[in-house]
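Number of protein chains: 2
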Amino acid sequence: MTIHRHLITGFSNPAVKAARSLREKKHRKREGRFLAEGLRLLTEAREAGIVPEALWLGQQRDPHPLVDALEAAVVAAGGTIYETTSDILSKISGKENPQTVLGVFADLPTSLDALDRGRSGIWLVAQSMRDPGNLGTMLRTCDAVGAGGLILVDQCVDPFSVEAVRASMGAVFTVPVAQADWGEFLRWLRAGPGQLVGTSLNTSFDYRGADYGTPCFLLIGNEAQGLPPAYEAECDLLVKIPMLGKADSLNAAVAAAVMAYEVLARQS
Amino acid sequence: MTIHRHLITGFSNPAVKAARSLREKKHRKREGRFLAEGLRLLTEAREAGIVPEALWLGQQRDPHPLVDALEAAVVAAGGTIYETTSDILSKISGKENPQTVLGVFADLPTSLDALDRGRSGIWLVAQSMRDPGNLGTMLRTCDAVGAGGLILVDQCVDPFSVEAVRASMGAVFTVPVAQADWGEFLRWLRAGPGQLVGTSLNTSFDYRGADYGTPCFLLIGNEAQGLPPAYEAECDLLVKIPMLGKADSLNAAVAAAVMAYEVLARQS
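As you go down the protein sequences, you meet chains Z and A in turn.
First residue of the first sequence: 1, per full-length UniProt numbering; consecutive thereafter.
First residue of the second sequence: 1, per full-length UniProt numbering; consecutive thereafter.
Just so you know, these hints were derived from the structure itself, not from any lab.
Take these hints with a grain of salt, some might be off.
Stated by the list, open to error - Subject to a maximum C-alpha distance of 30 Å in a straight line, what follows is the list of computed DSS-like cross-link-like pairs (lysine-lysine):
{"#": "1", "chain 1": "Z", "residue 1": "Lys91", "chain 2": "A", "residue 2": "Lys91"}
{"#": "2", "chain 1": "Z", "residue 1": "Lys25", "chain 2": "A", "residue 2": "Lys95"}
{"#": "3", "chain 1": "A", "residue 1": "Lys29", "chain 2": "A", "residue 2": "Lys17"}
So here's chain Z without its partners, still in its complex pose (with noise of 0.2 Å):
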């Protein structure tokens, strides 16, 4: 077996570019890979039977028994490790104080095809939502929950931006993601069992008192627009989260863990 192994100390190393540009959408798009830090989602990633085509770690980082492993992962995987400078990860990550260990993965399939509606009675769908943090929070909250995966609908933030992966925490490597656009995903919902739910200032029904169907799909709006009224208009159940105060509405994400963890304990 031939064992991949560099050490990278120059700054202008092809490789150094190529792990770098990953931080930017349109390299992530043209390469079709992705960039994950630190020894807990690299090890998430691991543990889900996900191993990265290379990996970066820091000359001075400690021993650990956990990135043996990964580097074993690796190297039975046919991958690349590259050992390198802090420095040489602080350019990759945009960090001053790096992850002493860094993944470049393949991108994960984000079709609605690879998803199976009945692994789960609940499913997270997110119409244009704007921030990476939300994205991956709802991510970490669909593992919580044991959700069948997220469903990015129309144009939503990368998944695999660096940002959504690390507020993930691992969760990306778990949970089933797909991206489609609205006609898209209401064919592919129609087309077998499912109640689409969505959360509304339209309506005075609470979401404590609802009948949640199974599989139950949660549609969560945009961050700053809500859903759109022709979205709304396809629910099969549109329910309110009471507002006491002065905003009237939640962060995206809380909203999501909200309904998910009320239908979760109502499915029980």
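Given the structure of chain Z, go ahead and fit chain A onto it with the hints provided.
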């Protein structure tokens, strides 16, 4: 009445430097002031009776009755109005596309003694919260559930940072915030009625079946470490939010909201 209105076109104007410096915590502490951006946030503030000491307006702004109302409120309070260029607003806010309305506010009170515990049956208590987005989101949730306020225990991120203020969507102006160390908080808490509830992995007691008191103080631990054991030991009740996936925790602001909405429903 003297009206303080200035046109500023020079980047080196001391007022520009002073406003810009408020993006950094050390300058906020020294000046006792903070920044808030955008017509929506400043209108939330005005409706809560809080008017900026200085109002910055972009020369290219569109006319808007809410801007007129802000100007009138600042003038009536003896504050200063600066008209300036889009480039200078960019410099102050650090953003390429700055909001055309920006306010410099005097610090809001953050003393425990200023809190009225009879104001609400729900309070959020964050311990060593590190992320300004989480803090702002928790303020927004406080507003939504009608919580009495947010109590920041130990070294938390600054609630008046630009990021926290933005994530709060204006709730920083409507939700009381207090800062205290753990000992101070406990003394204050135990001097009156109140149940301290912690979320923990070290209990099998589901949050849905728990017996919440009034007022109920929901204690949320640091994003990475959770609550220290000694803090858990002080809780009157420990509950667990179900975690069905690979990870062992939710985003801190999400956990706070799931708990707060459960308590709200049970107290209703």
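Legend entry - Proposed proximity, Lys17/A with Lys29/A (alpha carbon, max 30 Å): holds (16 Å)
Inset, instruction - Would you mind confirming whether the straight-line C-alpha gap from Lys91/Z to Lys91/A stays at or under 30 Å? - result: Holds, because 25 Å separates the two Cα atoms, which is no more than 30 Å.
Legend entry - Straight-line alpha-carbon gap Lys25/Z to Lys95/A, limit 30 Å: holds (20 Å)
The structure is consistent with each of the numbered hints, conforming to all of them.
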